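*Asks:* Sequence:
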Amino acid sequence: MAILKGKVSIVSQVMKVLLIEDNRIEAVQTQGWLKGHDGAFDVDWVDKLNDGLERISQGGIDIVLLDLNLPDSRGEATFEKLHAEFPEVPIVVLTGEYDDSIGPATVAKGAQDYLVKQHADSASLARVLRFALTRHRAQEEKLKELKLAKTGCVIAMIGAKGGVGTTTTALNVATALA
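All letters in the sequence shown, in the order written, are residues 4 to 181 by the working numbering.
These are computed hints drawn from the structure, not numbers from a lab. Any given hint might turn out to be false.
[Claimed, not checked] Capping the alpha-carbon separation at 30 Å, the derived lysine-lysine pairs in DSSO-like fashion look like this:
(1) K19 - K51
(2) K120 - K84
(3) K120 - K150
Keep in mind that this is a model prediction, so the values were computed, not measured.
Construct all of the structure, not just a fragment, from the sequences and the given hints.
*Replies:* This is the structure in structure tokens:
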């Protein structure tokens, strides 16, 4: 990704996806969907959350596709554990859970997106992954800029006589801080 004059552009590269899914049939289907995009996605698959955490710790994962109900973790706690350990890795929840409250709740807690398996297909999944990674990187870049920005404020300046010199000095200090 390159940032040019405030705009984000994704350099064409293979997106490394970690699929955490316990259902073998759905995992194979998801991998097939992503392979149909001219090599734009490279998918690793694990069937347990703990195996996913271990794989992410090895590095090289751009984004995670996460099922919420796994043999070693259930529901929103699955997302929360993964996000708590690796907040820098974008997560798209891909689950069979069709509950209108879970999607917004996981997004509010930091997921980049939420897809119900029954409504997903090859094109929508690829689009969601691209947008999620782009959005996540733009958010990271914005946070980095904010952390690097020098901030300050003038609380008050009082001159001995209250003349033009005090006002000029106050404006110069405020301008420098801005």
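*Asks:* For the pair supplied as a hint, K120 and K150, is the alpha-carbon distance within the 30 Å limit?
*Replies:* 38 Å, violated
*Asks:* Quick one, are K19 and K51 close enough, alpha carbons at most 30 Å?
*Replies:* With a Cα-Cα distance of about 18 Å, the restraint between K19 and K51 holds, given a limit of 30 Å.
*Asks:* Holds or violated: K120 and K84, Cα atoms, limit 30 Å.
*Replies:* 21 Å, holds
Of the numbered hints listed earlier, the single one contradicted by the structure is hint 3.
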